[in-house]
Amino acid sequence: MKSKKVLLAEDNEMMRFMLSEMLEELEYDFDVCRDGQECLTMLNDAPNDYAIVLMDIHMPFKSGLDAVSEIRNSNLHPPKGIPVIAVTADQHWQHLERCIKIGFNDVMPKPVSMNRLSEGIKTHLVA
Amino acid sequence: MRAVSKLRLGFLALACLTLLIAVVAIAGVSRVQTLNANLSERALPVLFELDAISAISVDIAQKAQSFGNARNFEQISTIANQISQSDQQFLASFEKLEIQDPSLQLGDLANAINRIQDLTFNVEDLAKSELKQNANFDLSVSDLNDSLTQLATLSEDARTLASLAISRSQMQQLDIDQYRKSLAIHSTVESLLAEARSLMLINNLQDLKENRELTALYLRTLFSTIARLPDNDYRNQISDLAVGIYDILSDQGIYTPKRSAILINTDLRFQLARLLEETSNLQSATAAIVEKQRNLTFLQKEQMSRTVRGVSLTLIVVCTISLTAAGLLIFEVVERQISRRLKTVYENAERIEQGIYTEPVHFEGKDEIAALGRSVDRLRELSQKQTKIEETLRIAQKAAETAAQTKSEFLAVMSHEVRTPLNSIMGMFELLERADIPEKQKKRAGMGRKASDNLFELLSNVLDASRIEAGSMDLAKSNVDTAEITEYLSSLLEGVIAKSGKNLMAEVCVATKLPPFIHTDGVRLKQILTNLIDNAVRFTTDGSVVVRIESMISSKIVSFQVIDTGIGIQRSDQEIIFEPFRQTDSGIKRRTGGSGLGLAISKNLANLLGGELRCESSPGIGSTFILSIPAEFSPGETTDEK
Chain A
0 MKSKKVLLAE DNEMMRFMLS EMLEELEYDF DVCRDGQECL TMLNDAPNDY
50 AIVLMDIHMP FKSGLDAVSE IRNSNLHPPK GIPVIAVTAD QHWQHLERCI
100 KIGFNDVMPK PVSMNRLSEG IKTHLVA
Chain B
0 MRAVSKLRLG FLALACLTLL IAVVAIAGVS RVQTLNANLS ERALPVLFEL
50 DAISAISVDI AQKAQSFGNA RNFEQISTIA NQISQSDQQF LASFEKLEIQ
100 DPSLQLGDLA NAINRIQDLT FNVEDLAKSE LKQNANFDLS VSDLNDSLTQ
150 LATLSEDART LASLAISRSQ MQQLDIDQYR KSLAIHSTVE SLLAEARSLM
200 LINNLQDLKE NRELTALYLR TLFSTIARLP DNDYRNQISD LAVGIYDILS
250 DQGIYTPKRS AILINTDLRF QLARLLEETS NLQSATAAIV EKQRNLTFLQ
300 KEQMSRTVRG VSLTLIVVCT ISLTAAGLLI FEVVERQISR RLKTVYENAE
350 RIEQGIYTEP VHFEGKDEIA ALGRSVDRLR ELSQKQTKIE ETLRIAQKAA
400 ETAAQTKSEF LAVMSHEVRT PLNSIMGMFE LLERADIPEK QKKRAGMGRK
450 ASDNLFELLS NVLDASRIEA GSMDLAKSNV DTAEITEYLS SLLEGVIAKS
500 GKNLMAEVCV ATKLPPFIHT DGVRLKQILT NLIDNAVRFT TDGSVVVRIE
550 SMISSKIVSF QVIDTGIGIQ RSDQEIIFEP FRQTDSGIKR RTGGSGLGLA
600 ISKNLANLLG GELRCESSPG IGSTFILSIP AEFSPGETTD EK
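Taken in order, these protein sequences are the chains called A and B.
Its first residue numbered 0, the first sequence is counted upward by one per residue in numbering that gives the first Met the number 0.
Its first residue numbered 0, the second sequence is counted upward by one per residue in numbering that gives the first Met the number 0.
Keep in mind that a hint or two might mislead.
With a Cα cut of at most 20 angstroms, we get these calculated EDC-like pairs of lysine to aspartate or glutamate [as the list claims (entries may be wrong)]:
no. : chain 1 : residue 1 : chain 2 : residue 2
1   : B       : 525       : A       : 20
2   : B       : 441       : A       : 20
3   : B       : 441       : A       : 24
4   : A       : 100       : B       : 107
Since the hints were made in silico from the structure, they are not lab data.
Input sequences plus hints: build the corresponding full structure.
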């Protein structure tokens with residue numbers, strides 16, 4: 000389990016810090032990036048390093064939706080099928096549905112607590 | 000003047016014209032009737048009477064003509080008598096005539112008939128006097144006859160005497176001369192008798208006159224014979240008789256015809272000629288009068304037909320003029336006074352209806368149309384004002400809508416934007432709580448987490464409320480598994496009670512058989528039920544919270560009842576609790592917490608799902624919140640949506 004990392008993409012500094020702290024507390028190995036473009040670059044650079052991606056939807060340069068869309072349409076393997084969990088403050092069902100349709104494996108609505116984070120990651124890592 | 004009055008005036012004028020026509024018609028008809036009566040009751044009868052008179056006059060004239068065929072005075076007398084009767088008829092008819100026309104010269108007719116009458120009388124008299132003379136003559140002839148018979152007797156005597164004388168002479172041989180004389184007397188007497196007999200054959204005065212010479216000859220022969228008689232005695236006897244015959248003949252004017260007889264005859268002829276002339280005159284005069292009268296009647300007829308034509312023409316002209324005048328009058332009233340002005344009013348109203356506010360038409364006059372026009376003008380002002388007000392209202396409404404939209408968007412954005420930092424705060428408090436720090440610090444961090452949890456909940460509710468208010472709450476309906484819902488409610492109820500730390504009895508009971516799926520928005524259904532369970536646990540200090548699920552009305556409605564044994568709600572508050580933020584006013588809130596939006600959102604969501612949320616409660620005993628939603632499930636749809 001330690002062999003693979005969690006990739007966290009979050010532009011908001013406070014959220015990034017909090018989520019990092021929580022992942023650390025949950026004893027996950029992880030890397031951090033600030034936007035979708037950076038996320039794609041990291042996945043490109045080390046396609047086999049990451050087991051799961053936590054991705055914010057609203058990010059500058061390249062949003063989470065665009066990034067996931069690119070991952071799913073790329074020819075990189077294994078990142079093409081990597082589990083991506085959306086972290087969003089928007090709870091509107093249409094929004095959530097859109098996320099699933101575009102390629103996210105799951106949606107984690109805010110507020111993100113330790114329990115939710117742990118449950119969400121576990122569900123997809125086991126799978 | 001009012002329009003109706005104008006119309007009335009128009010119709011009054013029309014009525015007057017009709018009356019005028021009627022008067023003209025009546026006058027014409029009465030004139031024609033008078034003429035007709037004059038013709039049929041006066042002129043024609045007069046004509047008929049004149050015709051009758053004319054016929055009589057013709058009759059008289061014909062009778063006068065027939066004088067020429069008369070053989071004797073008796074016939075003349077009879078004809079004269081007939082003419083006299085016809086004259087009487089003529090006069091009687093003439094006196095009945097009722098003609099005052101002097102041009103007909105009826106007086107001449109009267110004079111003529113009078114003259115004819117006089118002549119007729121004269122003729123009759125003359126004829127009668129002739130007849131009388133004839134009678135005298137007949138008498139004389141009779142006398143003559145007697146005388147001749149005597150003469151014959153005498154002659155017979157004479158012959159007897161002669162015979163005696165002969166026989167005496169023969170026997171006594173007397174004088175031969177005597178004998179011869181006796182024979183001569185006898186033969187003379189014989190011839191005399193023959194002459195007398197031939198005289199007696201003349202029984203007619205006329206013939207007598209014609210045979211006058213012959214008769215005179217006979218008489219002379221008779222006298223000479225008598226004179227030759229030898230015997231004086233015989234001679235004297237026979238002579239006396241012959242003288243007597245002569246006297247009779249002389250009396251009858253045979254020998255010396257009297258002048259008067261001739262005069263009478265001439266006078267009669269003259270009178271007859273005049274009578275003929277007069278009757279002819281009468282006939283022609285009567286015919287002339289009849290012709291005149293006929294012409295007069297014809298003229299009257301002509302006059303009548305002329306009058307009829309005139310009356311007809313007058314009527315036609317008056318009718319035409321009247322109708323034209325009436326038409327013009329009505330056209331004037333209807334077209335100019337009503338129609339044209341109504342059109343103006345109509346166009347004015349139509350412009351107002353189309354929202355075109357041209358200059359108002361200032362109607363003049365006092366009639367209804369002018370009043371209507373002014374009303375329309377007032378309507379224009381009102382409409383103009385109303386349009387302005389509507390415009391203002393529209394702007395205001397748009398502003399309000401924009402404001403509401405802005406508010407809604409603002410709330411959504413704010414909720415979203417606030418959530419991210421709030422999530423960080425919550426996460427940090429959670430991390431702090433788990434950190435290896437003194438218990439007192441941990442408790443502080445825990446309070447911070449709770450406070451931020453509440454704030455997050457409030458934020459979510461505000462977001463929902465604003466969405467519902469803005470009408471942007473969209474539902475994601477799918478076939479929701481009822482078993483899954485039941486399971487969810489069990490774990491939720493236990494979780495909430497556990498979280499509250501209260502010692503409450505919890506139960507989820509399914510009262511009836513449920514449909515396998517409910518076609519509804521599962522997220523929202525869970526949201527409502529979570530809210531109700533949260534409230535129930537929040538307001539209940541001890542006792543139980545029971546969730547009872549049942550299906551009603553042939554599984555078409557599924558009802559969820561959340562029954563608690565909490566503080567309950569006053570009847571007066573049972574409606575208020577469903578209004579947003581009303582809980583904060585009631586004082587209950589202060590002890591129990593909660594945003595005050597939960598029930599309002601739940602009720603609105605229940606309505607959105609096509610169901611309802613209501614409350615039954617007794618203060619101090621507990622409350623029951625009943626959520627009823629339509630199942631709307633049909634087996635064919637089970638696999639349609641996830």
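A quick look at each hint next to the structure:
1. Under the criterion of a C-alpha separation no larger than 20 angstroms, the hint pairing residue 525 of chain B with residue 20 of chain A is inconsistent with the structure, at around 32 angstroms.
2. Using a Cα cut-off of 20 angstroms, the hinted pair residue 441 of chain B and residue 20 of chain A holds, with the two alpha carbons roughly 17 angstroms apart.
3. For the hint pairing residue 441 of chain B with residue 24 of chain A, the CA-to-CA distance comes to about 16 angstroms; that is within 20 angstroms, so the pair holds.
4. Only pairs whose Cα atoms come within 20 angstroms are accepted, and residue 100 of chain A paired with residue 107 of chain B is rejected, the gap being roughly 146 angstroms.
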